[in-house]
Each structure stands twice: as structure tokens, then as C-alpha cells.
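Listed in order, the protein sequences are those of chains U and H.
Position 80 (the first sequence) corresponds to 1395 in the numbering used here; numbering is contiguous.
Position 305 (the second sequence) corresponds to 1620 in the numbering used here; numbering is contiguous.
Honestly, the hints are just simulated from the structure, not real lab data.
Careful: at least some of the hints might be erroneous.
Identical copies look the same in the list; a pair holds intra-copy or inter-copy alike.
As the list claims (entries may be wrong) - When the alpha-carbon atoms are kept at most 30 angstroms apart in a straight line, the in silico DSSO-like pairs for lysine-lysine are as follows:
no.	residue 1	residue 2
1	K1625	K1379
2	K1641	K1372
3	K1641	K1442
4	K1379	K1572
5	K1653	K1379
6	K1372	K1497
7	K1394	K1572
8	K1756	K1717
9	K1379	K1567
10	K1563	K1641
11	K1688	K1641
12	K1641	K1567
13	K1372	K1604
14	K1688	K1563
15	K1604	K1379
16	K1630	K1372
17	K1497	K1733
18	K1604	K1572
19	K1714	K1771
20	K1354	K1563
21	K1394	K1465
Note that the coordinates shown come from a computational prediction; the quantities given were computed from them, not determined experimentally.
2 protein chains.
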Amino acid sequence: MAKKQQEFVTQITPREENFSQWYTDVVLKTEMVDYGPVKGTMVIRPYGYGVWELIQKEMDARFKATGHENAYFPLLIPKSFLEREAEHVEGFAPEVAWVTRGGTEELAEPLVVRPTSETIICEMYAKWLQSWRDLPMMMNQWCNVVRWEKATRPFLRTSEFLWQEGHTLHATAEEAQEETLKMLEVYREFAENVLAIPVFCGQKSEREKFAGAAATYSIEAMMQDGRALQAGTSHNLGQHFAKVFDIKFLDKDGSHKYAWQTSWGTSTRMIGAIVMVHGDERGLVLPPKVAPIQVVILPIAAHKEGVLDKAYELKARLEAAGIRVKVDDREGQSAGWKFNEWEMRGVPMRMEVGPRDIENGQVVVVRRDTLEKEFLPMEGLEAAIEERLQLVHDGLYQKALKLRESKTVDATTYDELKAGVEKGFVHAMWCGDEACEEEIKAETGATTRNMPFEQKPFSDVCVHCGKPAKYEIYFAKSY
Amino acid sequence: MAKKQQEFVTQITPREENFSQWYTDVVLKTEMVDYGPVKGTMVIRPYGYGVWELIQKEMDARFKATGHENAYFPLLIPKSFLEREAEHVEGFAPEVAWVTRGGTEELAEPLVVRPTSETIICEMYAKWLQSWRDLPMMMNQWCNVVRWEKATRPFLRTSEFLWQEGHTLHATAEEAQEETLKMLEVYREFAENVLAIPVFCGQKSEREKFAGAAATYSIEAMMQDGRALQAGTSHNLGQHFAKVFDIKFLDKDGSHKYAWQTSWGTSTRMIGAIVMVHGDERGLVLPPKVAPIQVVILPIAAHKEGVLDKAYELKARLEAAGIRVKVDDREGQSAGWKFNEWEMRGVPMRMEVGPRDIENGQVVVVRRDTLEKEFLPMEGLEAAIEERLQLVHDGLYQKALKLRESKTVDATTYDELKAGVEKGFVHAMWCGDEACEEEIKAETGATTRNMPFEQKPFSDVCVHCGKPAKYEIYFAKSY
Ligand SMILES: [Zn+2]
Ligand SMILES: [Zn+2]
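Work out the full structure, taking the sequences as your base and the hints as a guide.
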């Protein structure tokens, strides 16, 4: 068993040695993902897709509860649509895939494989929106998008990824802003309560906002290497797109007005965040709410009478309580090998059931996050497991929060900023000048992440250029 | 109210006058779908997408119950992959969309936007499959596919559609055949028990089989105009793809063997089938199990005290019982207008609640399929509604079955076949010769649909050419 354990551990590069290689090892070896045949593409394997399905289920319920409906818009967008909004085309044109032939014919107008769907949705919304009675118009779409990226990494940055994109129209600027912030709050609550990932919420700088938006807000998470990962964005699009796509409605007062618009999205890169926030030297650690298997039951001395039956009986009981359970009754693998495999795969709880346990009316459970071992009576097991899954969730969240706190520094000098972004997040005052922001990026590799909603200035001058400070903001290197 | 009713009805072309236009009117006016900006594409609007979500939920549960897991494979496939299997490239190359540019670069090898994913999945399976222990390998994918079609109609034939595609590998030919038929049976059970659509199951002819398959099986449904719609297919791929993609495993006996493979799929065209099987002169009639709204509650004299409260109270009670309910409390529309709108939208049951009903402790319910009106006591309403939704389902199924029976004829002469396919399905004996099949198609517009599993010959000679009959088969014009 010691040898086997060694084998598993050596499959994964230590985090301290090379965090990037550790990440790649974990996502490949746990069979969450594989490289696709076309450069920069990924195949999401069943274990990774299982996480995505749970993410979808949790998010979709939240979108519906806030009044949104799902729809599906076409993949292929006429080139001319992309070109209508100046900032938008500038932002996306360099990274789109072009369809130039259909069947045996050259197309008169090339088509873009959607990198995002604002333009095609605007075209339809302009057709559908007639009167104030049609507002708000609130749809979401679950789909694939393609962005022709040069440097790619599974989940984090790939030429194709899966995501959801919400698109809404409103009668007033106030309602659009309210929706923008409401959906950011949905993302925050989801990240913290489902993924166990603490996030900073705030507004992006002009430089970092979405191409075509009036304002972009984000949730930013810290990975274990101190880098930021933007895990979701919510955009107030103002009337930028409404004006170029002519999205108008007849208002109560009898006049025609342009609608106010929002869009917001999250993607499969959240899976990358889960890995990089919670994983450890043994591999993956999945937050219970998105773990495809929450409890793996390992029968000990499975050949002995009653052991397998009891394992399946417990599985049935736990499943009836809504817990996702797998019995690993594979022959030909030792218990030790299995322990290590399920640890690597990040299953939140392991349960062992052997003849002696059955005699004593108990099971052994081991938490993946702390590796703490505990005996639990079979009676009332459902409630005990539910409680422990919540404890795992809470433990993961607190651990991530502590790490973030330990790697976030307040900087009032540029030297402090430079040192800080080597380690994690830097909390600083900034002049708001794009040129200053560019210089910081060029010199340190760090970008502005976002500006907290409740601004609490703690210095009068910009951390870099010394001009008057305008914004409290976070800087970090990012994924 | 009479005038309003008239208005709704005149929005929809009568079925007898022009079935095709009736279909288009129904899918557009119920806001299930709209035309996309690129020729041949569709936008699935929330009401249509709601049906798709319910289809997905029901099917996905069946796939998982039969041991399949979901995964996601890339959209873009290298041209060379498509070309490896000779029949496959011949079948699909004329109708694919080509990506030739990424960002600002011309691609060295053009990429195909997936028309189906056999080739790219084979590439990955070849990499993942090592030993007999990895078998069976059983995955499903929910995704979009693109086929560059000339003549298109919403849901029925579009340049892009949504579907699921299952792909499995097995150790033996027998297991692959068993899987092929098992999934066909899943489709049949789903079509009949969820969509209330009776289907004929059987094997396709060589001419009509999937490009690259050893054998294709289908479920075939009859639309109200007597045409067939292939609502799902299941393919035994034999070792055709395994040999060209080198999908091998080390078997128990120590030798390397090619795997046996299946694939199976259904798509958003099922929504078109629902419309064309169950719809009537008032518009859509949705089978209850995939109706986004199963019961619409219309408060009568909603301004009177207690009416709205009671409507929402009933909604809450029904929802707690798992029924999908909407209260239509819009002001400014008459009850008659609303009755007609919800009839057009095919909501299976309408419920009216007014002051007198509240006094009497009852509600009025009207079945969409029969328009039968009934008083139901508020007490025990949940069970009564559940029972009636099942009655609507059964009624729709029986009605469709009767129509199919009335439009299916046994033909022993070519004249009978020619007359029969003008009206519906023709059940006949056929020689099995592809040239004979081609002639029938050229002369009558009808194709072979499928061959029942239990062959019961009823004539010795082919219905067309007079050569010895080999197969009992259905002929029909089709969508
Ligand atoms: Zn500055
Ligand atoms: Zn013949």
C-alpha cells in the first residue's frame, strides 16, 4: 500500500515546485478533461462534465428564480453584425473563427462562429421588442463559444468553451443597472455558497471592461498561487448596442425609446477555479455541492457475507436522502489503491464498511479536505453525512478565505505593489488613468481586477504615479 | 369575444388548406421559434426552448439509467478526420460548414463545424481505450450541430440544430447490437410515453442508413398529413470506424481487438413532430409531459376581493404537487382573448376561478385536446389535475394512433402503393434491391421508412418490381 500511495502522489507535480504543472497534472489525471485534436481545444470528459452539469443545475435555478428564461440563438453570425458596434468588433475580431464555405459554395458574406452573442441577440430583440409591455425582456443561453486563442490551458483558456450568457432589455437606465448588479450578486452567492470560493465583487476599469459595455462588473477569485481568476462578469451595456441595432419600444408616454441592456456570463473556466482554489498535493478536492460523487463507499473484505449488501443498502439510503453516492466494488484493486484514487479525484467523503463495522453498527468516514477519520453509527447516517458535507463546504470556504487574506496586501507605495503582486492581490489607491494602468501592467505583469462597491480611500495619491487617487482597487496577476 | 376568437383563428392557416403553412403559422405565432439572420438557421425562443428543456430532462434521465455519462467534444473537427471513413465523408462532406480562418490567419487544414461527432469521438476513444476493463465505454453529448441545408424549415430541417448523440464502444458484436436496440427502445418508450407519439420501430434499408454504419434503426412517426418523420435513429457502427481510427483494446485472452461501436441520436426536430402530430385548427396542442405550462389559471373578475389570492393559492398547491402552473393576471386583455391565446399555445389545461367558483369551492377546468369543460372541487384538486393531465396524454396518443391506422394501407400492387403514399404510410413487401427502391422514390416521392423487427410476410413478390419479396417494410413521403 505504501508503494501504491507513492505512485499516485508522484503522478502529480508538487504545487510548490510548479503550480502550473500541478494544475495540468490534476485535470488530466483525474480524467476531467483531455486535449482536443485541434490546437487549443479541450474534451470535457464525464468527470469534468459531471461538475459542469451540477454547476448548470444550480445556476439555472437561480436564473429562473430571478425571472429569466432560456433560449437558443444561432452559432453563426454574419460578419456585418460584429462590425456594427465599433468597440465590440475591435475587441473580438482578432480572435474569431471564420466560416467561409458552406457545403461546396464560397459564402458571399463570411460568418463568425460566435465568440459571444450580443450582436445576434440584439438583431432578434430589435424585431421582438415593440412596446413597454414587452419589457423587461430577460433571456439566458447555455451554449458553446469559440475564441481563437494563442496560449491555451484546459478550462482556463481554450479555443472553445461552454458558458451561459444572459441578455436583458429594460425600459430605464436604472432598471438595467439594477439587473447588472443583481446578476453579479447571483454569481457571488453561487461562487461562495456552491463552489466554496470567496470572491471580490466590483467594477472593472475602463481598460478591462467588456468590448462595447458602458460598465463591467466582475467577481474575482484568488487561486492558491496568488493569481486572480475572473470567475464571472456582468455588463451594463447602456444603449450602445440598442442604438446600432435599433432596439426601440413604444413607451407609455407614446414616444419611441431605445432600450437599456445588460449581459452577463460565466463559463467552464469556473471548473479551473475549483481545481486551483481547493486542490492539494493529493489532487482534486471538490466542493460537495458540485461533486458528481459526494460519498464513495468502499466495502472492506467485500467477499465476506453481507458486506456488499450492506454497502449497497447504505448507498440506497443515502441516495434517497439526495446524496450522490458510488460503491467502488471493483475487484483486483487494493483498498489502499482505491483510497488514493478517490482522494486524487477529490470525492468529499470516503466511507468504509467491513464485517467488524457491520457488527458494531457503524461505518468509518474520512473527510477529503482534512483527511480526518471518524466512526459514525449507521442509524441516522443520512443526517450525519449531510451535516459533514456542509462542514466540508464550510471548511473549504474558510481555508480559501484565509489564504486570500494571507496573500492580500495594502500597498501605498509602488515597491509594495510590486512585491505584493508577486505573492497575491494588492489592494491600493489608483488615479484611474489608463496610461498609468498600462505602465503597471508592463512593469509588473499585474492588471487591475476590480473596484469595491463601497470605496474606502486609504491614501490620497495613486500607488504608482503619485497623482491624486480616485479609486480603491485590486491589482493582481491573473489567469 | 366572438370577434377576438375569430382573429386568433384567422392568424392560422387551416390545416386542410395548406398543412405546411399551418405548421409555419403555428410555430411562429406561438413564439416557439423564429428565423435566424443566416439563411436556414432558427432561433429557439423561450416557449420552444422550454419544451426542449423538458425533452432533455426526460431523455437524460433515461440515458443515465441505462449507464451512460455525458461529456463534451469539440465543435471543430479537422478535415482529415471526416475523410477517413469513405462512406461517412461521402455522406457528410457536401453539407458541412468550413472554418478556414482563425483570427487573422488562414488555417493550414480547414476545419469542419461538426455535422455529427463520430470521427472526433473515435479519435479520443482510440486514445482512452486500453483494456477490456475500460469497456463498455458509454457517453452521450448534448450539443449543436451544423448541416448546410438548402431547403429548410424551423425544427424540421435547419442549418443548425440541437441534439443529443450517444457513442458507445463494446467488446463484442453482440453487445454492440444489444446496445443499438436498447437505445432504440429508449427512444420508442420516450416518444410514446412522453411525447404521446406512436412510432414504428425497425431497420432502415441500406440506402437510407447512416453514412458509415453497418445497420441503422429508426423510430418513424406519422404526421397529420400522412408524411413520415424519422424521430430518432440508432446505429450499429460495427468495426467500420474502429478500424480506420484504430480503436483497439487488450482483451482478457491477451490479444488486441478492435472495439464494436454504436451511435444514436435525436434532435430538436422532435418539437416539429409534436406540433404536426398533435396540433389542431386552434394551434398547438402540447403533450402534458413536455408542456412548459401544464395548467394556466385565469382569474375571472380578478378585481373582486379574494379572486387573485385564490388563484395564487391554487398555483402554489399545484406546484407543490409538481405541476407546472401559470396564473395569467394580465390586465387589459379580456378573458376570451386569453382563452384563445392559451389554446393557441397548446397549454393542456385551462382553469378558471371566479367569485362564484370560490363561493362554491370549485373551479372550472377545460381540456385543450377535447375542449371539454368540467367543474372540479378545490378539495383534492392536485390529484384530480394529475389524473386529467394523464388523460390528456392518453387521449393524444390514442388520437394519433387512430389517425396512423386510418392512413396506413397494406399494398400488394404498385398502384395501391402509389395511391397509399399520397395519403399516408404504405405497408408492403419489397425485394430489397436498391435500384427498385430508387425507382419507387423517383416515381412516387416516397422512400422506405423501416422494416419491422418481427417480419410477417404477406406476399411473395415485391410490390414494385415483382421479383421475390425479401422484406416487410413501410414506404412514405417524409419530412
Ligand atoms: Zn496613477
Ligand atoms: Zn423490387
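Quick rundown of the hints versus the structure:
| no. | hint | result |
| --- | --- | --- |
| 1 | K1625 - K1379 | between (40 angstroms within a copy, 24 angstroms between copies) |
| 2 | K1641 - K1372 | both (20 angstroms within a copy, 22 angstroms between copies) |
| 3 | K1641 - K1442 | between (50 angstroms within a copy, 26 angstroms between copies) |
| 4 | K1379 - K1572 | within (27 angstroms within a copy, 49 angstroms between copies) |
| 5 | K1653 - K1379 | between (40 angstroms within a copy, 24 angstroms between copies) |
| 6 | K1372 - K1497 | both (19 angstroms within a copy, 28 angstroms between copies) |
| 7 | K1394 - K1572 | within (27 angstroms within a copy, 48 angstroms between copies) |
| 8 | K1756 - K1717 | within (27 angstroms within a copy, 72 angstroms between copies) |
| 9 | K1379 - K1567 | within (27 angstroms within a copy, 50 angstroms between copies) |
| 10 | K1563 - K1641 | between (54 angstroms within a copy, 28 angstroms between copies) |
| 11 | K1688 - K1641 | within (19 angstroms within a copy, 49 angstroms between copies) |
| 12 | K1641 - K1567 | between (58 angstroms within a copy, 26 angstroms between copies) |
| 13 | K1372 - K1604 | both (11 angstroms within a copy, 20 angstroms between copies) |
| 14 | K1688 - K1563 | neither (62 angstroms within a copy, 42 angstroms between copies) |
| 15 | K1604 - K1379 | both (19 angstroms within a copy, 19 angstroms between copies) |
| 16 | K1630 - K1372 | both (23 angstroms within a copy, 23 angstroms between copies) |
| 17 | K1497 - K1733 | neither (34 angstroms within a copy, 62 angstroms between copies) |
| 18 | K1604 - K1572 | neither (44 angstroms within a copy, 41 angstroms between copies) |
| 19 | K1714 - K1771 | within (26 angstroms within a copy, 69 angstroms between copies) |
| 20 | K1354 - K1563 | between (42 angstroms within a copy, 25 angstroms between copies) |
| 21 | K1394 - K1465 | both (22 angstroms within a copy, 21 angstroms between copies) |
In this structure, the hints that do not hold are numbers 14, 17, 18, in rising order.
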